[in-house]
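One-letter residues, chain by chain:
2 protein chains.
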Amino acid sequence: MSTDVFGALANPVRRRLLEGLREGPRSTGDLAGMFDLGRPAVSEHLAVLRGAGLVREEPRGRHRFYHLEAAPLAEVEDWLHPFERYWNRRLRALSDLLDEEDSR
Amino acid sequence: MSTDVFGALANPVRRRLLEGLREGPRSTGDLAGMFDLGRPAVSEHLAVLRGAGLVREEPRGRHRFYHLEAAPLAEVEDWLHPFERYWNRRLRALSDLLDEEDSR
DNA sequence: CCGACGCGTCGGGAAAGGTTGACGCGTCGG
DNA sequence: CCGACGCGTCAACCTTTCCCGACGCGTCGG
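So the protein sequences, as listed, match chains Z and V.
full-length UniProt numbering puts the first sequence at residues 1 to 104.
full-length UniProt numbering puts the second sequence at residues 1 to 104.
The set of hints was computed from the structure by calculation and includes no laboratory data.
Each statement offered as a hint is correct.
Now the in silico label distances, taken between C-beta atoms and shown as ranges:
1) V:G24 x Z:R64: 46 to 54 Å
2) V:P59 x Z:S27: 51 to 59 Å
3) Z:E44 x V:G51: 21 to 29 Å
4) Z:R56 x V:H63: 44 to 52 Å
Computed from a predicted structure; not experimentally measured.
For each residue, glycine too, the CB sits at the ideal point set by N, CA and C.
Work the whole structure out from these sequences, hints included.
Okay, structure coming up:
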């Protein structure tokens, strides 16, 4: 298991897979229909997402449904947060406020 | 220019480089001192960051200073935002903070 | 019970990424 | 003017990633 969330998000196919799963659970073949990709390729991308904890699988009959598991994305959010003040004036005020809160 | 921000962030060395640049501009050799890496490796990581627009270079004498350019990180933030409602943690913290502010 | 279906996984080949040593270029100090 | 310094870049190598065809396994329908 790699648990490398940033690495999992580096691939555009995997990002689109997560976007598709936002609307609800889907089967592998259903997801594969979204791309010009073979089913094995999609299956392996899903394995990477599973390794990063971004997806949970639910076998049902001969299908296998994948569910979005967004919690690990918090790691990305946490990493991103200290940078927010450098590109968004509006968020900068909030960022400063949070700093003020933390140091109280 | 690759402009692939997600790909640029996939490497832990590049993430640490950005973290280091948050504190101010630094020279290549200075940044290389932060890692067990040769200077060429760091130089090429910086080239990737430059390709993604995450870094701006300022030649000064025989040094070359790199500045953080956080604007492209907004793309990551924008992609991440629709997922926030699925893990809620930070959203809840912000909500709590706003409530506290209102009642002051 | 048997063939079709939906899967994951494995082996291999192509492509991309990471690191290194060697080189060349501009810059500074003596 | 010359040697040392700080850089970027290149060729080469190794590793990783990405994709496919082929296979095997469990499941469903007739």
